[in-house]
Amino acid sequence: MAVIKVKRPELGAGEKFYLGAIFKGFLVTMKHAIDSLRGKTRGAKDLASSGLGATMQYPEQKWDESMPEYYRGAPALVTDEQDRERCVSCQLCEFICPPKAIKITPGEIPSDDPWAKVEKRPKEFEIDMIRCIYCGMCEEVCPEQAIYLRKDYAITGLDREQMVHDKKRLYEIGGKRVGLVNKWNELK
Amino acid sequence: MDLLTDLAIILAKVIGLTFMVVLPLVPICVYFERRFSAIIQDRVGPNRVGIPLTLFGAKKDFHLFGLVQPMADGLKLFLKEDFTPSYVRKSFYWLAPALTVIPSLVTVCVVPFGSPITIGGEAHKLVIADLDVGPLFVFAVSSLTVYGITLAGWSSNSKYPFVGGVRSTAQMISYEIALGLSIIPLLLYYGDLNLSSIVEHQAAHGWLLLPFWGHTADYPLAEKLIFLVPAVIAFIIFTTSIFAETNRMPFDLPECETELVGGYHTEYSSMKFAMFFMGEYAAMVIGSALIVTLFLGGWSMGFGLDQALLKDDAGNWVWFSGLVHMGVFMTKLVAFILFFILVRWTVPRFRYDQLMRLGWVVFFEAALINVFLAAFVIAAPQLGWLSTIAGLVLLAVVTGALVWVLKTSDPKSPPNRGLLGQN
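For the protein sequence lines, the chains are A and B, in the order given.
Under this note's numbering, the first residue of the first sequence is numbered 1, with each subsequent residue one higher.
Under this note's numbering, the first residue of the second sequence is numbered 1001, with each subsequent residue one higher.
Read the hints as simulated data drawn from the structure, not as lab findings.
We put the beta carbon where it would ideally sit given N, CA and C, even for glycine.
Don't take each hint at face value.
Unchecked claim - Where chain A lies over chain B, by a calculated footprint (3+ residues, C-beta under 8 Å):
#, segment
1, 1041 to 1054
2, 1345 to 1351
Unchecked claim - Short derived list, chain A residues pointing at chain B, Cβ under 10 Å:
#, residue
3, Leu19
4, Phe26
5, Val28
6, Thr29
7, Ala33
8, Ser36
9, Arg42
10, Gly43
11, Gly53
Work out the full structure, taking the sequences as your base and the hints as a guide.
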């Protein structure tokens, strides 16, 4: 391997004096300041800036449109096209969940139910959003494709109870997903 | 009764100027620091905290560009737990924050904030103490802040604060020399140490760095222009030394985050930390007030406007001139603080040996030579051409010799070849 000797650049008298460089630095910083005040910061348009610097200001402006396909937000349960709960309460997600945020109480489906052959569905399904780390393992492990990470990211509450999503809330966020697994219905 | 009114006037000045002008400037400084650094870095900065009218049932909050943010910060610091580690030396640990704030606030008393205000036919100077040793008083008192920092570093009984305190001591002592020497040319020029008279002089005959008006037979334009050379050198040295004295960015080695966590106030929390913070910013305010007073005309509006607008026919200040001048002074002060902030976000931090070298090798010598240069410039009309030129040649020779000695005595370190040097 050839050795390339790199020499430090020789400084001229003006550069050694240092003040010129400082003055140049002032010009650079002032240019940035003036540009950001005028809303002409580099990349301000692509980043949909608020007009001050390159920053988008959150509650007024949201980046929802530019959210990527693979964004991992709140986990939620989904129903199939016939409004059947996809979850069969196998509890795999409960076991895989690294922070132990999921709690499932399994329940039998009564024999007079049109979906009696599915046998089980969750009686209770709770996800503690304080614990959830949005890793997406529940989505990955689910054999019924019943749990999905949606794009909701602003999950707030005034106390700990409000931060626990129960079954109703989870179906509200999840909604309906068509296609996918059809082993329980006649659509296959 | 007379004594009482005098006391009342003094008290009014102390409360008015220190607690209603300088102390509020500290949070304003913090606000400007945060906003200005934000726009330099293409960010937004704190722009939300204002008057929360919605709490009182109104439809909209009044955000005031976030101007209330420093108040919220201060409130937060008040309400935080004041934690004292068990291993500190308690008495000094408690004393240190006070020792950094108080000297900075005491130095306020010699800064002239404006021309005299006339109330009831009596002129009151807008200075708390009209001392005839203004700058010397400021240097003497402001160097006491180093005790606070050193004590904080030592009494915290922890390594990082200790290193911060030691660094600060060495730095402040080194730069005090350059600071003191750099203003000697000014004192030679003004022939006065009273800051109020220095500003009066600049109001009448042009600022030191902008002497383009008020020429008289005693102060012709040519002389003032020639004196600009030592004045600019003094300005650069003085300003840079003030940066070092106030531990501001290019020289903030006592508290550089990457090396020393928080520096000397690592172990402090709550209001004690806030006092260090306040002391630092108060020192910055006083530093820029001093620079504005000495070099940039203090409270005077300049360009001959003072004479034209604010003096009556008899040549006295009109009664409201003090207020106008105070506004002018504040504007200049804030502008200079913005310059402080601009420097902070422009110039990267010096290494410690570079800092010491700059203080002892460059500024000390430059300030010393500058004193003689200024003396020559001032004495030139009396000396005659021959002696002036001979003196200047002598000065040039001495300067050259000094530079040569410094260059040759500097040990040449071997070039850093990195790993290749070992082969």
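Tested hints:
1. Look at the segment 1041 to 1054 of chain B against chain A: 5 of its residues bring a Cβ nearer than 8 Å to a Cβ of that chain, three or more, so the hint holds.
2. Counting residues of the segment 1345 to 1351 of chain B whose CB lies closer than 8 Å to any CB of chain A gives 3, which reaches the minimum of 3, so the coverage claim holds.
3. For Leu19(A), the shortest C-beta to C-beta distance to chain B is roughly 7 Å, which falls under 10 Å, so the interface hint holds.
4. With its C-beta approaching chain B no nearer than about 6 Å, Phe26(A) sits inside the 10 Å limit, and its interface hint holds.
5. The beta carbon of Val28(A) is positioned within 10 Å of a beta carbon in chain B (closest approach about 7 Å), and the interface hint is therefore held.
6. A hinted interface residue such as Thr29(A) counts as satisfied when its beta carbon comes closer than 10 Å to some beta carbon of chain B; here the least separation is about 5 Å, so the hint holds.
7. With a least beta-carbon distance of about 5 Å to chain B, the hint placing Ala33(A) at the interface is held under the 10 Å criterion.
8. Interface hint status for Ser36(A): upheld, as the beta-carbon distance to the closest one in chain B is roughly 5 Å, under 10 Å.
9. The closest approach between the C-beta of Arg42(A) and any C-beta of chain B is roughly 8 Å, which is under the 10 Å cut-off, so the hint is satisfied.
10. With 10 Å as the threshold, the beta carbon of Gly43(A) comes within range of chain B, its nearest partner Cβ sitting at about 8 Å, so the hint holds.
11. Taking 10 Å as the C-beta contact cut-off toward chain B, the hint placing Gly53(A) at the interface holds, the least distance being around 4 Å.
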